[in-house]
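There are 2 protein chains.
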Amino acid sequence: MSRALPPQELAERLQQGDRHALARAITLVESTLEKDQVAADELFAHLKSPASPSFRLGITGAPGVGKSTFIDTFGTHLCDQGHRVAVLAIDPSSPTSGGSLLGDKTRMDQLSLRDSAFIRPSPASTVLGGLAIATSAAARLCEAAGYDFIIIETVGTGQSERHVVDVADAVLLLVEPGGGDGLQASKRGLIEHADFIAVTKADGDLRALAEKTLMEFTHAPSAYTPRLPARSRTFHLLSMHDPASVASVSVEIAAFAELARPHQPAWRSQQAESEFLQVMERTLIERVRSHPLIQAQAQAYASAEHVRRLPFVLAKQTIDQLLVDKAE
Amino acid sequence: MSRALPPQELAERLQQGDRHALARAITLVESTLEKDQVAADELFAHLKSPASPSFRLGITGAPGVGKSTFIDTFGTHLCDQGHRVAVLAIDPSSPTSGGSLLGDKTRMDQLSLRDSAFIRPSPASTVLGGLAIATSAAARLCEAAGYDFIIIETVGTGQSERHVVDVADAVLLLVEPGGGDGLQASKRGLIEHADFIAVTKADGDLRALAEKTLMEFTHAPSAYTPRLPARSRTFHLLSMHDPASVASVSVEIAAFAELARPHQPAWRSQQAESEFLQVMERTLIERVRSHPLIQAQAQAYASAEHVRRLPFVLAKQTIDQLLVDKAE
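Line by line, the protein sequences give chains A and B. Anchor point for the first sequence: position 181 equals 181 in the numbering used here, and the numbering is continuous, going up by one each time. Anchor point for the second sequence: position 287 equals 287 in the numbering used here, and the numbering is continuous, going up by one each time.
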């Protein structure tokens with residue numbers, strides 16, 4: 001990899017369509033090094049807001065359900081319609097993603113040929129919740145680079161679901177035929193936030209089972225809170241052998257995207273506030289353990305006071321000494 | 001329940017052997033209300049340090065393995081030897097503990113008759129990790145009340161294990177015959193920290209299986225770090241029909257307690273430091289969300305800045321404004 005570009009130049013290049021610059025910018029926002037965070041901040045200062053925000057679709061489901069296949073077909077369909085599509089995908093060689101090295105080469109082979117598509121495999125840890133904020137930052141970069149449709153793939157565990165719900169404008173849950181049984185508690189969070197539910201592999205021998213699974217979902221009591229006031233969630237059967245099934249989901253998602261448009265600024269804003277507070281907490285916790293006053297108090301407490309004091313009041317007093325109360 | 005006693009009086013009474021006062025004091029330290037925390041702090045200020053610290057034994061294992069039965073027999077044995085025994089036990093009627101209401105009355109029926117024993121059922125949530133600090137505070141109160149041997153029973157899930165390892169001087173893991181299979185990953189943390197491992201119900205039809213299970217544990221590769229330099233973990237078979245088996249474990253535990261004595265002040269100290277920092281973090285997080293400066297920054301970020309800034313640098317700057325750097 002050549003020398004690091006200055007952040008401003010990286011910002012300009014990615015906004016001119018330079019795919020390498022976009023990839024390097026995403027790597028930068030995934031970094032936890034302080035110098036990279038400073039550089040990323042400067043890069044962001046040079047991003048122009050697009051005329052209209054991109055649409056962000058989260059796609060979730062257990063390993064093997066057919067996410068890559070669907071993204072390949074659906075993404076290609078979007079490109080055919082004139083969209084520019086970015087995919088923030090799970091790295092299939094990561095042990096936690098459930099993918100195989102052999103599958104690597106054939107994951108999104110149609111879409112990867114398109115000039116108007118950008119596919120970024122991220123380490124599973126990025127998507128799995130450690131760097132949730134990096135995902136939304138990456139989406140912002142793709143938006144600035146001109147991709148109007150951004151797909152965020154997650155691996156189907158509780159933690160990544162929670163954050164994709166925050167980052168995405170809508171969530172599509174893919175389920176295996178027979179995958180409706182029990183609606184396990186661990187998956188319930190996933191199901192509650194899905195704006196679209198589709199049963200994959202609904203063809204041949206599995207067709208009947210797929211339809212049965214769809215019925216289970218359609219009839220299950222649901223804690224789904226519609227993200228858009230006038231829209232309930234929709235249910236779909238998907239088969240890669242049936243382009244009409246993909247087109248049908250696509251139409252539904254496009255309709256959602258239209259309805260979502262006026263809401264997006266508020267959604268982005270809420271997400272930004274939430275991320276800011278999360279980063280605040282995380283940074284405070286790091287600082288706590290290294291702050292001289294707190295270290296001194298912790299050691300004083302540990303050496304003598306603990307036999308005669310509980311930590312609660314002392315901790316609160318320490319924090320009161322520690323925080324300034326300026327209201328600005 | 002009669003009127004609340006002033007904290008100082010509660011402290012005096014419990015140290016004079018008043019069991020009701022001890023129970024009320026434990027309830028106080030379990031409370032999360034600020035006024036109770038202040039009262040608890042004052043109570044603690046009036047506790048005298050005992051001549052020698054109590055010994056704290058954590059007893060862990062899956063529901064049904066025989067913890068209550070063992071505690072009943074073992075605790076009675078300790079009372080016979082002249083100890084004063086406190087048991088911080090899981091409330092059997094709590095849905096998460098796996099106990100039954102019918103079993104309630106027969107849980108520790110020998111021990112509950114002893115004047116020199118104090119049994120405190122705590123809500124499972126207390127033991128399960130929400131109030132880990134309350135457990136160590138309760139142990140401290142029992143110590144001040146003159147109980148020289150404190151048993152802390154946990155329910156056998158990952159979270160409660162981690163904190164009983166911190167609070168207790170030693171951990172005894174009870175396992176079912178046949179319970180060695182696979183040494184499930186979820187239980188591995190439990191096993192790594194057990195200073196004693198005993199297979200229960202090692203009599204009659206289950207004897208052979210119990211012995212086989214013991215062999216599996218004895219021969220399994222282990223990540224156990226000895227808590228005491230000169231002492232490896234020990235393995236035992238237990239049968240409630242065989243008092244000698246209980247006496248044998250008891251002898252081992254007593255030997256451990258002797259060796260542990262000079263280390264206990266340092267262990268308590270480390271635990272106190274760790275608890276202080278945990279409470280600091282928890283309190284800071286609560287404060288973050290309600291602090292006027294942080295709220296103002298979060299809202300400014302959400303309304304305008306987020307399109308052009310990442311939260312990391314801004315959060316760090318906010319914290320710098322927020323924390324005073326006085327080294328005392």
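These aren't lab readings, by the way, just hints derived from the structure by calculation. Treat the hints with care, since some could be wrong.
The list cannot tell twin chains apart, which means a pair is met if one copy fits it or any two copies do.
In silico lysine to aspartate or glutamate, EDC-like type, Cα no more than 16 Å apart, as pairs [unchecked claim]:
1. Lys212 - Glu176
2. Lys316 - Asp18
3. Lys316 - Glu42
4. Lys316 - Asp115
5. Lys316 - Glu9
6. Lys48 - Glu9
7. Lys212 - Asp109
8. Lys316 - Asp41
9. Lys212 - Glu192
10. Lys212 - Glu258
11. Lys212 - Glu305
12. Lys316 - Asp36
13. Lys212 - Asp242
14. Lys48 - Asp148
Hint by hint, here is what the structure shows:
In this assembly of identical chains, Lys212 and Glu176 lie within 16 Å of each other by CA distance solely inside one copy; the values are 11 Å within and 41 Å between copies. For a Cα distance limit of 16 Å, the shortest separation of Lys316 from Asp18 qualifies neither inside one copy, at 51 Å, nor across copies, at 31 Å. Only between protomers do Lys316 and Glu42 lie at most 16 Å apart by alpha-carbon distance; the minimum there is 15 Å, versus 36 Å within a single protomer. Taking CA atoms no more than 16 Å apart as the test, Lys316 paired with Asp115 passes in neither setting, with 57 Å inside one copy and 39 Å between copies.
In this assembly of identical chains, Lys316 and Glu9 lie within 16 Å of each other by CA distance neither inside one copy nor across copies; the values are 46 Å within and 25 Å between. For a Cα distance limit of 16 Å, the shortest separation of Lys48 from Glu9 inside one copy, 13 Å, qualifies, whereas the shortest one across copies, 67 Å, does not. With identical chains, the CA atoms of Lys212 and Asp109 are never at most 16 Å apart, being 31 Å at best within one copy and 53 Å at best between copies. Proximity of Lys316 to Asp41 under the C-alpha cut-off of 16 Å is restricted to the inter-copy arrangement: shortest distance 12 Å between copies versus 33 Å within a copy.
Taking the closest pair of Cα atoms, Lys212 and Glu192 never come within 16 Å of each other, the shortest separation being 20 Å inside a single copy and 46 Å across copies. With identical chains, the CA atoms of Lys212 and Glu258 are never at most 16 Å apart, being 31 Å at best within one copy and 65 Å at best between copies. In this assembly of identical chains, Lys212 and Glu305 lie within 16 Å of each other by CA distance neither inside one copy nor across copies; the values are 64 Å within and 48 Å between. When the C-alpha separation of Lys316 and Asp36 is checked against a cutoff of 16 Å, the pair qualifies only between copies, where the shortest distance is 14 Å, while the shortest distance within a copy is 34 Å.
For a Cα distance limit of 16 Å, the shortest separation of Lys212 from Asp242 qualifies neither inside one copy, at 19 Å, nor across copies, at 56 Å. With identical chains, the CA atoms of Lys48 and Asp148 are at most 16 Å apart within one copy only, with a shortest distance of 14 Å there and 69 Å across copies.
Checked against the numbered hints listed earlier, the structure breaks hints 2, 4, 5, 7, 9, 10, 11 and 13; every other hint is satisfied.
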